[in-house]
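Enquirer: Okay, here's what each chain looks like letter by letter:
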Amino acid sequence: MSAAIWAITAFLFSAGLAAVVLRRQLLAMLLGVELMIAGVNVALVHYAGRYADAEALAAVAVVIAVAAAEAVVGLSLILKVLRSGRGLDAGDLAELRG
Amino acid sequence: MTAAQVPLSAWLLFAAPIAALLLGFFVFRPLKPEWTHLPILLSCAVVTGASLALTARVLAGGSFDLNLYRWAAAGRWAIDFGLRVDGPGTAVLSMVAVVGSLIHVYAASYMKGDPGFSRFFLVFHLFFLAMIGLLTANNFVQLYLFWELVGVASYLLVGFWFHKESARKAALKAFLTNRVGDFGFLLALLLILTSFKVGHFQLVYFLVRNSTTMPEFLPLIGVLLIWAACAKSAQFPLYFWLPDAMEGPTPTSALMHAATMVTAGVFLLIRAWPLIAAVPALPPLVAAIGAFTAVFAAVLAATKKDLKRILAYSTVSHLGLMMLALGLGQVAVAVLHLIIHGFFKAALFLCAGNVGHAIHQPTANVDDVGGWGPSMRMTQACFVLAALSLAGIWPFGGFFSKDAILDAALARGGAFALAGALVSVLSAFYIFRMMFLTFHGARPEQKGLGAHPHEAGPEFVAPIVLLSLGAALAGLLKSRVETLVVLGWQQVPFVVPIIGGQLRILRADLPGVSVLPEFSATVFAIGTGLAALGAGAAYYATMMDASWDWRWRASSPRLSNVFESDFGWKIVVDRLVAGVAGFARFVGQVFDKAWWDGAIEGAGTAAGGAGGILSGFSRGRLNDALWWMTAGTALLLAARGLR
Amino acid sequence: MTLWAVMIAGAVAASFAAAMLLSRSLYVGAVCLLVVLLQTALIFLLRGAPLLGLLQVMIYAGAVMVLVVVTIMASGGTPAAERLADFTVPRWAAAAAVAAVALELVLTLAAARAVPEAAPALAPASGDYASAFGVSLFRSYSLATEAVTLLMFLAGLAVLPEKEAP
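For the protein sequence lines, the chains are A, B and C, in the order given.
Position 59 of the first sequence, counted from 1, bears residue number 59 in this note's numbering, the numbering being contiguous throughout.
Position 143 of the second sequence, counted from 1, bears residue number 1143 in this note's numbering, the numbering being contiguous throughout.
Position 9 of the third sequence, counted from 1, bears residue number 2009 in this note's numbering, the numbering being contiguous throughout.
Because the hints were derived from the structure by calculation, they are not lab data.
The beta carbon of each residue, even a glycine, is placed where N, CA and C say it ideally should be.
Where hints are given, some of them may not hold.
Claimed, not checked - A short list of chain B residues far from chain C (calculated; beta carbon distances all over 10 Å): (1) LEU1052; (2) ALA1060; (3) LEU1149; (4) LEU1191; (5) PRO1219; (6) ARG1412; (7) ALA1525; (8) SER1565; (9) TRP1596; (10) ILE1600; (11) GLY1608; (12) PHE1617; (13) ALA1638.
As the list claims (entries may be wrong) - Computed from the model, here is a short list of chain A residues facing chain C with C-beta under 8 Å: (14) MET1; (15) SER14; (16) ALA18; (17) ALA19; (18) ARG23; (19) ALA38; (20) VAL45; (21) ALA48; (22) ALA58; (23) SER76; (24) GLY85; (25) ASP92.
So that you can see chain A by itself, here it is in the shape it has in the complex:
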């Protein structure tokens, strides 16, 4: 069981990392971040059950909430970038401009 969970965690985390590092569009990067968080949550929940430690579940709850907030902030930033007219291509956003 743990092995399966590890495999899932590893795969999800790596896929999320790959999406963040390798993808060009900002939104795709954000999706990758969410994927990474999901993978980590899986591992946390499994081990909470393993050691019957309910406080780990509380940690997962906090992570979910914070991740949601972070997604909100990230999306609003992406909208700002979009509205500045520079497109959402990470390759183009190489200079700070006001």
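Here the structure of chain A is known, so what remains is to put chains B and C in place on it, guided by the hints.
Expert: Below, chains B and C without anything else, positioned relative to chain A:
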């Protein structure tokens, strides 16, 4: 003695030339340049009077050595300006003053009409002042200062006609060769200051005489001073600037390169004699250099065609004789020869100047003159007097000094005796050859320049007459010079302020400076015989076989080339100079411009290039940053895993 | 039994994660992510944390993904021509770095066999465990809970006052 007790004549020695120079430069040169010589001639008269007064004072026992002004002080030692009025100094000073004044008078007529008349007189008198300073210096630093000033004046006067390339090159050659010697002098000076902590002559004499062991650097100091004297007094190997220095006007050649400046080297050795005599190996070195140069130059003088160059080589030869006398320990003899040589050589140069003036050239070649005796009687008469003095014929002046030198050389025996004998023969030969070729019997090879030789005006002839009379009668001064040198040197009190406020009078117990030798009939006979031999050979080679001088040149051009290049020494020097110049060019253009500047600029370019490469890593791309993060994490995990 | 369920859910999640990684269209990617999140919620449930599974579905699938899709819509949503980014280093190097991290992650996890596998595979869905979660939220994690509340508020503030440009 304090500064207030310095006699007026000593102050006038300096005040008069300085006043004349200031007046000439600031008043006469801008307003009426053709009158520049007037204050200068007046100053010459004042200086002559002052120097003769000082000489009389020294003869009466009133020599002194006094510090007047502290120029620079550091800790325990200092550099002062001072006056040293003693036997050898005033003897040479009187000669310089008299001969110099007469040449100034001659120059007033000779240089008339030259556009640089004013400049000539000012530089000429500056030289005069520098020579006075050199002769009355009381420490090595002050002597070095005036020594350099004399070199500067030489450069300015040799290159006086600077629009001629040969004059410019000759001036540069003279200055640079002197510089090579001056470098030796500077090193010696620094070593003296390091070893003895003082530079004053009297103090150094005292320290050298009273030290039980020879100071460590004394041989090196001696060699360096001899090197400096070789450069200034045109001894082998550094003599080659003097013949080329004949590019300057004739008064320059007469005063500087015959009578005074070139004798500064010998004078330095006289001043430093107690140091040099303290090292056993050095006097023979001086004598050897002098003997070799004397013979070498005498041979070359007999083969030259330009009148002034014959006299230049003759000067080199006589300076060699002075060094020989010095090296054999005969300081008084060397001073005597220095003085008498000044008279007859100046007279000879001015006669050559008259000859050149007659054909409106700066100098004359034996090809251009011939049989001018009847047209230039006075010049010829003066020339004969001076020539007899040079050849050392009794009772003319030169006999006394040359006889003394020959006496010392023969007494030493060996190579020196041979050298002395050869020089006697050769000097008679070359001077009579010059006389016969110029004044007696025009030869078919002597085409002349078509000018009519005429006697120059009285203002040209009068100074020469006085000089040649001086050369002829200088023998009368013999005993006075002896007294001056022997006694005047030893009796100099030097007031030394000792720490503690006391004054102490130092009298250095100087090595015996050897009185003039007693009259010896043997040496008289030998000397006169050798001179007659030389004169006879000259008569045969020029009068009886009229074209011999041209024939040997034509028949063996290789031999002619050998003499022309000073037995190959000129070629050696040219190669050496070219090598050094090539090295300098390499350093300046290749090393400095290409390598060094290239390296410095290359460093900048390299930094820029490195920056360009490195900046490629941070172009602001988000994905690049993420990648770097990932790669770093991978490395960290790997490191942790490996551990 | 539960093992198989977890493995199936994991496999589905993994495949849809890969699809999301490689999708050209952002819509497809968002939907794929949604599926992955649902699978993880299922895993939460299977592992004895039903409340968390519920929260996951509510917050993520219900709110976050909606926001994401709306943003994708606002950005035009046209499939991008180029999926992968340009790097200073060649692309394979970037992929290799990611692969290295993944490999190391696997190795690290595989080596973390601290506790033997003797613990019960299935967590008891007892009231003790489940209620302990709620208790810990308001006891040990009470500050964190309050902070999260505040965070929600601030997140709302960050989005709400959007001044329109004149």
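Enquirer: Find the hints from earlier in the document that the structure breaks and name them by number, from lowest to highest.
Expert: Hint check: 12, 13, 24 and 25 fail, others pass.
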